[in-house]
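Mind docking chains A, L and W on chain B? Use the hints.
Protein chains in written order, with the numbering used here: chain B, 107 to 252; chain A, 107 to 252; chain L, 5 to 87; chain W, 5 to 87.
Treat each hint with caution, since some may be false.
In silico lysine-lysine, DSS-like type, Cα no more than 30 Å apart, as pairs [said to hold, decoys possible]:
(1) K229(B) / K242(B)
(2) K55(W) / K242(B)
(3) K242(A) / K55(L)
(4) K55(L) / K250(A)
(5) K229(A) / K242(A)
(6) K229(B) / K55(W)
(7) K55(L) / K229(A)
(8) K250(B) / K55(W)
(9) K229(A) / K250(A)
(10) K250(B) / K229(B)
(11) K250(A) / K250(B)
Simulated from the structure, these hints should not be mistaken for lab results.
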Amino acid sequence: MAVRVQAEPFDLGAESTAFAAGLRRAGAMVTFTGLVRDNGGALQAMEIEHYPGMTERAIAAMVDEAVTRWSLEDALVIHRYGRLGPQDQIMMVATAAPHRGDAFAAAEFLMDYLKSRAPFWKKELAADGSAWVAAKDEDEAALKRW
Amino acid sequence: MAVRVQAEPFDLGAESTAFAAGLRRAGAMVTFTGLVRDNGGALQAMEIEHYPGMTERAIAAMVDEAVTRWSLEDALVIHRYGRLGPQDQIMMVATAAPHRGDAFAAAEFLMDYLKSRAPFWKKELAADGSAWVAAKDEDEAALKRW
Amino acid sequence: MVLDVLYFAWVRERIGLGRERVETTAVTVADLVAELSAREERYALAFADLKSLRVALDQDLAEFSAPLAGVREVAFFPPMTGG
Amino acid sequence: MVLDVLYFAWVRERIGLGRERVETTAVTVADLVAELSAREERYALAFADLKSLRVALDQDLAEFSAPLAGVREVAFFPPMTGG
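Bound conformation, chain B alone (with noise of 0.2 Å):
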């Protein structure tokens, strides 16, 4: 189980690769990658904000709380902040299971979870201004389900 929380862009293949070797008993892998939609073009960047200290601790609990529910090989999940471009990669989540149920419940239940409840705030930077990212209804709906 691993938990990163950096500025630095990651390898989304490499990560993939290595989360691979490192299985020995898992049928099923799920990857999760978010990336910047750029909103037809009107994106110049986003800004990601989030709590240095919180957020590890967040994510940790989140990871361990998955673990408890499903039955994991291992889990991963790597969160950049700081400042983005259009399709650049946000962040990405990778479970391993024995069987297909159980890694994408759990990669689901993780990104619902990073959506609302992990401390990270974005900011959107057009040409005509930038505004907040609001939350949304249906994101802390989501939760409801677990």
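Frame of chain B, contents of chains A, L and W only:
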């Protein structure tokens, strides 16, 4: 959209990188990778038989169906056949969509259909003999949710 | 009518071949199964439990009650285990 | 009691700083919010709508009714938008 049925191994990292590099509007990318489980060390190899022609046709139909159901920017299915060893990568699916719900749902839909509707058959070879893997009721039942 | 008949996985192993050409007057898949089963013990054995078998006509899944008119390729196999 | 008070995202922007030390006798988070809001307009503005705010005590999410006894670090921020 791409479907590949092949005997050769694939490079999960390189495939993930290439898939991500082609995206222009996606906010979410999901990959699933299926691995040969070694059942506690007993498994020597897995032989995967398939129905050339029907395999490609059946998978392409699943991808088409996924595209009509969800807002997908891209989808990829790679599935191997032939002889594989423990922890070898059997297959992968990748999906990309504006939002995470569509990317996850499409990946799970494709996996459920690949399990029970793509003409592959797995045989497990162990020191004490070989046996065809039986289809699971739960895999057939999983189709009902779509 | 002449059909290409294909067998996969344990159906192939029981019958002892993966593909053959079959001259038949069968109207449905079920008729063809009855005809083949009557031929030899190995066919009867492979087709003993139709619930554990699937059939594809020209590479599309079908029912055992489906008509064979216009069909060129029939495939018999156990439930699929992909993914 | 002396607290480290942290502000993030638009709360930080409205108040104009990311972190300060606050000497207070507030019993609950709500008391602290009232005290800060009474200080200056920019605080009152940032805390105008508590429903659009979240609070963490020593890096754990908490309610505005939570007591501050034993707490060292209080953080105010909008609903999170990670992932």
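Consistency of the hints with the structure:
With a C-alpha separation of about 14 Å, the suggested pair K229(B) and K242(B) falls inside the 30 Å cut-off, and the hint holds. Taking the CA atoms of K55(W) and K242(B), the gap is near 14 Å; set against the 30 Å cutoff, the hint holds. For the hint pairing K242(A) with K55(L), the CA-to-CA distance comes to about 14 Å; that is within 30 Å, so the pair holds. Taking the CA atoms of K55(L) and K250(A), the gap is about 19 Å. The hint holds against a cut of 30 Å.
With a C-alpha separation of about 14 Å, the suggested pairing of K229(A) with K242(A) holds against the 30 Å cut-off. Pair hint K229(B) plus K55(W) holds up; C-alpha atoms about 20 Å apart against a cutoff of 30 Å. A hinted pair counts as satisfied when its Cα atoms are at most 30 Å apart, and K55(L) with K229(A) qualifies at roughly 20 Å. Note on K250(B) and K55(W): the hinted pairing holds, with a Cα-Cα distance of about 19 Å set against a maximum of 30 Å.
Distance check on the hinted pair: K229(A) and K250(A) sit about 26 Å apart at the alpha-carbon level, within 30 Å; holds. At most 30 Å may separate the alpha-carbon atoms for a hinted pair to count; K250(B) and K229(B) meet this at roughly 26 Å. Of the pairs offered as hints, the one joining K250(A) and K250(B) holds, with about 23 Å between alpha carbons and a cut-off of 30 Å not exceeded.
Hint violations for this structure: none, all hints satisfied.
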